[in-house]
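So the sequences go chain by chain: A and B. Under my numbering, the final residue of the first sequence carries the number 208; numbering is consecutive throughout. Under my numbering, the final residue of the second sequence carries the number 616; numbering is consecutive throughout.
Don't read these hints as lab results, they were simulated from the structure. Wrong hints could be hidden among the right ones.
[To be verified] Straight-line C-alpha distance at most 30 Å; calculated DSS-like pairs for lysine-lysine:
#  : chain 1 : residue 1 : chain 2 : residue 2
1  : A       : 166       : A       : 180
2  : B       : 554       : A       : 203
3  : B       : 594       : A       : 6
4  : A       : 119       : A       : 129
5  : A       : 129       : B       : 554
6  : A       : 166       : B       : 554
7  : A       : 204       : A       : 10
8  : A       : 3         : A       : 204
9  : A       : 117       : A       : 10
10 : A       : 125       : A       : 10
11 : A       : 88        : A       : 10
12 : A       : 180       : B       : 597
13 : B       : 554       : A       : 204
14 : B       : 597       : A       : 6
15 : A       : 203       : B       : 594
16 : A       : 125       : A       : 204
17 : A       : 3         : B       : 597
18 : B       : 490       : A       : 88
19 : A       : 125       : A       : 3
20 : A       : 204       : B       : 594
21 : A       : 204       : B       : 586
22 : B       : 586       : B       : 597
23 : A       : 10        : B       : 586
24 : A       : 10        : A       : 119
25 : A       : 203       : A       : 129
26 : B       : 530       : B       : 490
27 : B       : 554       : A       : 88
28 : B       : 597       : A       : 10
29 : A       : 10        : B       : 594
30 : A       : 203       : B       : 586
31 : A       : 203       : A       : 10
32 : A       : 117       : A       : 57
33 : A       : 117       : B       : 530
34 : A       : 129       : B       : 597
35 : A       : 3         : A       : 88
36 : A       : 3         : A       : 117
37 : A       : 6         : A       : 204
38 : B       : 530       : B       : 586
39 : B       : 554       : A       : 180
40 : A       : 3         : B       : 594
Bear in mind that the values here come from a model prediction, so they are computed numbers and not experimental data.
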Amino acid sequence: MKIFKYLFKENPVFVLVLGLCSTLAVTTTFEKSYMMGLVVMIILILSNLIVSLIRKYVNNEIRIPVYIIIISTLVTIIEIFLSRYSKPLYDSFGIYLPLVVVNCIILGRALSYASKHKVINSLKDALKCGIGYLVAISIIGLLREVLGNGTLTLMNDISSLTGYKEVIRIFNGNIFPNKLFLTSGGAFILLGIIIGFINSIKKGKEV
Amino acid sequence: MSSIFITALIAENVILNKFLGICSFLGTSNKEKNALSMGICTSFVVLSSTLLTYLINKYILIPTDSTYLQTITFILVIASFVQVNELIMKRYFKDIYKSLGIYLPLITTNCAVFGIILTNIKMNYNLLESMINSLGSTLGFVLVLYIFSLLREKLETNNIIKSFKGIPIALITAGIMALIFARI
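Here chain B stands alone, though its shape is the one from the complex:
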């Protein structure tokens, strides 16, 4: 159990090892505070979708021999939970909802969410293992997003060759982080 968690958190980190969710990694990780609240919203969507997709896969898709429908069903489940998340945020956490704004619906197209759920199914995890893998993966996602938002401030003020400013140096930094994470 704990080995699944640690692997998902560090050695097979979603961003650095599986290359999932790089868009949000490069795009929205400018502010530390946004990185954290975005992470919490993403974890909500991932954990609830993990539960529902597991049940759908086990009790509907496999018995009816229609596993080829996995892609469509899973993406619909994720999209509905993103809507639920948006409604909750709108109602109870108005301030955060305003500051995240257009990024919330984009969780649907965040590769990390869909990727974690697909990994659970491909690895044939049972319900408990799936939930642990999802939790570890999302925590790893938030962890890397947070560390990177701190590094990013430093990168912007440092003196870097002009053509490497911005995305190229961000990618190279991510590469070095990936090498460190793989060796921990």
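Pulled out of the complex, with its shape left as it was, chain A reads as follows:
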């Protein structure tokens, strides 16, 4: 039950509505979605760790520039790693990989939590938020790809790294997928419906 509370009552995407740029932009396939979730989670954990370690040495006036430099260094490391070992994924992320720097969740957690708490607590907080983000972006990616394209890409772009490739066809010609869900408009509408649905479940429980 506690897990459900973390995942749906305090979810950074569905409840706090943060970090929507990447959530909506890269979710055209399931693989891209969970890989973006993992990237954000790793950066969130590392940035919370570093920010919490140096919290006593950073002056209040300059903390935003300092945190932005820390986060963009981490993003650059991931960028170099992906462009070296998994070029197809790096290309399909496009501008949205460097844009992780300005993801509100990461800077938000650094400012509001990691800069005031101990290392262990900051790591726990990062893990909690990171998993929440990963689950949210995976759900959106799953729905958009299955409804919009009729396929489910488990692993395709990163197959050179893992040596495993799997794209499942969900509808075998009897039901036609609706391309609307792959367009940007469909992404907005789908996310709106999901958030409304979660709200209605929460309201039902309170009564």
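Knowing the structure of chain A, use the given hints to seat chain B on it.
Relative to the frame of chain A, chain B by itself:
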């Protein structure tokens, strides 16, 4: 030239097509007046950063073969121009500065600013094309922000299912707007 401008303004609108700057789209678009002055500040930051990042990229990063430093350099350039913008506003436009308050430093973390600059670099635009793309994109940003602030008032007074009030209905409205913009 004009095709870059129109594409950036409507078909590939930053908010509705590239999903950039949604935070400010959902958060600050309640008042029409704030939407406009916020738009002007954002355009100032975008246009001046476009110029500087283009020069830095062409004359420093590419010749020294250090393009992997793009992310860090660009975000620093944007952050400095946000500071410059804040100083100018504080000095010459006190009233607007007071009403925008804490939202001004947040332009640094506005995905739209960084996204537009990254697009210019990724598409290999030259200086003139970059400036036109930046201008079209920011105008598109302000346009959507303004239209949406007008719609938002209507959404708040209308009778909507309780669980869809607020952000869900705002997102669905944005989705319909995106479909219309993609077809214009």
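Mind checking the alpha carbons of residue 597 (chain B) and residue 6 (chain A) for me, to see if they're no more than 30 Å apart?
-> holds, 22 Å
Keeping to a limit of 30 Å between CA atoms, is the pair of residue 203 (chain A) and residue 586 (chain B) held or broken?
-> holds, 26 Å
Straight-line Cα separation of residue 594 (chain B) and residue 6 (chain A) no greater than 30 Å?
-> holds, 21 Å
30 Å limit on alpha-carbon distance, applied to hinted pair residue 10 (chain A) and residue 594 (chain B) | Holds: residue 10 (chain A) and residue 594 (chain B) sit about 17 Å apart, inside 30 Å.
Does the alpha-carbon distance linking residue 203 (chain A) and residue 129 (chain A) stay inside the 30 Å limit?
-> Given that 30 Å is the threshold and the Cα spacing comes to 20 Å, the pair holds.
Has the given pair, residue 597 (chain B) with residue 10 (chain A), been kept, meaning a C-alpha gap of at most 30 Å?
-> Holds, at about 17 Å.
When you check the alpha-carbon spacing of residue 3 (chain A) and residue 597 (chain B), does it fall within 30 Å?
-> holds, 27 Å
For the pair supplied as a hint, residue 129 (chain A) and residue 597 (chain B), is the alpha-carbon distance within the 30 Å limit?
-> This hinted pair holds, its Cα atoms lying about 27 Å apart.
When you check the alpha-carbon spacing of residue 10 (chain A) and residue 119 (chain A), does it fall within 30 Å?
-> holds, 24 Å
Is the Cα-Cα distance between residue 204 (chain A) and residue 594 (chain B) 30 Å or less?
-> Between residue 204 (chain A) and residue 594 (chain B) the Cα gap is close to 9 Å, so the pair holds against 30 Å.
Given the hinted pair residue 204 (chain A) and residue 10 (chain A), is their alpha-carbon gap at most 30 Å?
-> holds, 11 Å
Agreement of residue 10 (chain A) and residue 586 (chain B) with the hint, judged by alpha carbon distance not exceeding 30 Å = OK: residue 10 (chain A) and residue 586 (chain B) at ~29 Å, within 30 Å.
When each numbered hint is compared with the structure, violations occur for hints 2, 5, 11, 13, 26 and 35.
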